[in-house]
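Chains as they are written, first to last, in the working numbering: chain V, 4 to 169; chain S, 348 to 549.
Please note that the accuracy of each hint is not assured.
Unchecked claim - Distance ranges between label pairs, derived from CB positions:
#	chain 1	residue 1	chain 2	residue 2	range
1	V	W33	S	E508	23 to 29 Å
2	S	Q534	V	E15	16 to 22 Å
3	V	N11	S	C516	14 to 20 Å
4	S	R437	V	E77	27 to 33 Å
5	S	P352	V	A105	33 to 39 Å
6	S	R437	V	N59	23 to 29 Å
7	V	I62	S	E508	27 to 33 Å
Said to hold, decoys possible - Straight line, CA to CA, 30 Å or less: simulated DSS-like cross-link-like pairs of lysine-lysine:
#	chain 1	residue 1	chain 2	residue 2
8	S	K481	V	K21
9	S	K363	S	K418
10	V	K21	S	K376
11	S	K408	S	K363
12	V	K21	S	K533
13	S	K537	V	K41
Hints in this document: simulated from the structure, not taken from any laboratory. All C-beta atoms in this analysis are idealised placements derived from N, C-alpha and C, irrespective of residue type, glycine included.
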Amino acid sequence: MTNDPIYNELREASWQRKLTNAEEAQLRTWLAAHPEAKADWEAEAGLNTALGGLPNVPIPSNFTARVLQAVEREAAAEQRRPPSNWASWLRVRWLPRVALTATVVCVGVGSCLLMQDAHNKRLGEGVAVVSTVPSLPGPEILKDFDAIRASNPTSAADEQLLAVLQ
Amino acid sequence: MAMAPDPDAALMLRVKQGDTGAFAVLVDKYKQPILNLAGRMLRDATEAEDLAQAVFVQVFKSAGRYEVSAKFSTWLFTIARNLCLNEIRRRSRHPVDSMDTPHPEQEDQPLHQFEDKQTASPPERLLHGELEQKIEQALAGLPENQRLAILLCRQDELSYEEIARVLGCTLSATKSLIHRGRETLKQQLKPYLQTGDWHESN
Numbered sequence: 004m005t006n007d008p009i010y011n012e013l014r015e016a017s018w019q020r021k022l023t024n025a026e027e028a029q030l031r032t033w034l035a036a037h038p039e040a041k042a043d044w045e046a047e048a049g050l051n052t053a054l055g056g057l058p059n060v061p062i063p064s065n066f067t068a069r070v071l072q073a074v075e076r077e078a079a080a081e082q083r084r085p086p087s088n089w090a091s092w093l094r095v096r097w098l099p100r101v102a103l104t105a106t107v108v109c110v111g112v113g114s115c116l117l118m119q120d121a122h123n124k125r126l127g128e129g130v131a132v133v134s135t136v137p138s139l140p141g142p143e144i145l146k147d148f149d150a151i152r153a154s155n156p157t158s159a160a161d162e163q164l165l166a167v168l169q
Numbered sequence: 348m349a350m351a352p353d354p355d356a357a358l359m360l361r362v363k364q365g366d367t368g369a370f371a372v373l374v375d376k377y378k379q380p381i382l383n384l385a386g387r388m389l390r391d392a393t394e395a396e397d398l399a400q401a402v403f404v405q406v407f408k409s410a411g412r413y414e415v416s417a418k419f420s421t422w423l424f425t426i427a428r429n430l431c432l433n434e435i436r437r438r439s440r441h442p443v444d445s446m447d448t449p450h451p452e453q454e455d456q457p458l459h460q461f462e463d464k465q466t467a468s469p470p471e472r473l474l475h476g477e478l479e480q481k482i483e484q485a486l487a488g489l490p491e492n493q494r495l496a497i498l499l500c501r502q503d504e505l506s507y508e509e510i511a512r513v514l515g516c517t518l519s520a521t522k523s524l525i526h527r528g529r530e531t532l533k534q535q536l537k538p539y540l541q542t543g544d545w546h547e548s549n
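Chain S on its own, in the form it takes in the complex:
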């Protein structure tokens, strides 16, 4: 069965020819899904914005090498996945000092001093209510590959085969990642699921 032509691939081929208008169309279409993915993988709104921007810059820089071998969205989310995982691994190699770490010379002063602002922490800006907070926390507690698989599963543009391509694993391994991640979420959110707070009758 022939694959339906991908309109985004056609736009990307125009970007390859230097059409920045076509590039802006692609950015407008995918900025929300990419930012959603980055936001829930990195758990920091500012870093997520920077990373989402870096994803699109990388897309533009790679336009010259773009070939229509797969859907544009598969290629785009593969770039996003690589940058997210790179950032997560960079953080694990260079952990941030605790805010309570004392100054080496002035023990009564913290090492890092920050202006006291009455603003919500970045993850909480994204949340509405306790229920959303619980699922955000549960998602954040998943291993990165399960979290990524579940988040990609929510993208309308990607089939399971395309998700497997983004993750770089087989179809069965992809479904297994999603299944295991969901089982963990169901266990952690059991009280909320049982009360029917999120129940939607079919």
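So here's chain V without its partners, still in its complex pose:
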């Protein structure tokens, strides 16, 4: 089997149609220079003839009429289909989907509201606890904090500071 581009091009052309006179001359010249490809070309040519000689599949004489009748039946069936009006379109196709979507959305929104409510309640309880604490002294009491801390090397709690804070 040869991969020569000239032979391949002529061979592929022969698959579809009879070679022109010029193509046949080119092929003869090429085959004269490549006698080893002659057997392959003869097989190709034989197969081309065999495929080209296949008989046509018989067509019924009324084929076109039958096709036109089938087309008319299709058109008539299309016209007989009930017209789609908005109400039936909604009812049949979209209403169930809308209902399901609305249910999912409502459940989701309701869950969010409940969670928010619980959070607000906890926040309120926290605020209530904090509100019982007396107001804290201002930061000016810490102005001597470093000195006090340095003078007291122990890690014990500073009783005085605690008393001020209370």
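Got chain V; can you put chain S on it based on the hints?
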């Protein structure tokens, strides 16, 4: 290079406007090539007629969406190819019972009983002689994509590029399918090709 206007596309545009006369012209022109393709893909004359009819009905139903983006024949054979392959795959999913399958309750009776008619089987109605029978058998034995490629290759209306569009593959893949299919046919028909029964001198 500008593409030459396609007269069939012009007819199809008239079909799009509801011209059934233009549609009948297209059916008359392409019924033989489509039936040849369907007949050799399905190997059943009755089913091939039904499928060919379905191809043209589909063409008419799709007329409203038709756009001149390719040759009409390319579009037509693409529809034919799709319907043929659908039918072949449907058959493979629902194989027909053998005629020898016994009846579940009456073992001496076949499951399917048919009137005994002295008629030739559908493929043989298409054949003339042993040589044609051999090539029909060899074609039928090819994988469906190779068989389809070789059959489309015999259509005068289709270039290799258009065949590639119908098959939905590249140009090189198309030529490869045709080449492989032909190599198989040459091997199976070697005795007939060697005797020169089909040899045509160039």
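| task | Could you tell me whether the CB distance from S/R437 to V/E77 stays inside 27 to 33 Å? | result | violated (21 Å)
| Has the given pair, V/K21 with S/K376, been kept, meaning a C-alpha gap of at most 30 Å? | Between V/K21 and S/K376 the Cα gap is close to 22 Å, so the pair holds against 30 Å.
| query | Would the pair S/K408 and S/K363 pass a check requiring their Cα atoms to be no farther apart than 30 Å? | reply | holds (9 Å)
| task | Return holds or violated for the Cβ distance of S/R437 and V/N59 against the range 23 to 29 Å. | result | 26 Å Cβ-Cβ, so the 23 to 29 Å window holds.
| Cβ-Cβ distance between S/P352 and V/A105: within 33 to 39 Å? | violated (56 Å)
| request: Given the hint that S/K363 pairs with S/K418, test it: the Cα-Cα distance must not exceed 30 Å. | output: Distance of about 15 Å is within 30 Å: holds.
| query | Can the restraint linking V/K21 and S/K533 be considered satisfied, given a maximum Cα separation of 30 Å? | reply | holds (19 Å)
| query | Is the straight-line distance between the alpha-carbon of S/K481 and that of V/K21 30 Å or less? | reply | holds (23 Å)
| field | Restraint check for S/K537 with V/K41, where alpha carbons must lie at most 30 Å apart | value | Holds - the C-alpha atoms of V/K41 and S/K537 are around 15 Å apart, at most 30 Å.
| Status of the given 27 to 33 Å range, CB of S/E508 versus CB of V/I62 | holds (29 Å)
| said: Please check whether S/Q534 and V/E15 have a Cβ separation lying inside 16 to 22 Å. | reply: Given a distance of about 19 Å, which is inside 16 to 22 Å, the answer is holds.
| task | Indicate whether the distance between the beta carbons of V/N11 and S/C516 respects the range 14 to 20 Å. | result | holds (19 Å)
Of the numbered hints given earlier, the model fails hints 4 and 5; all others are met.
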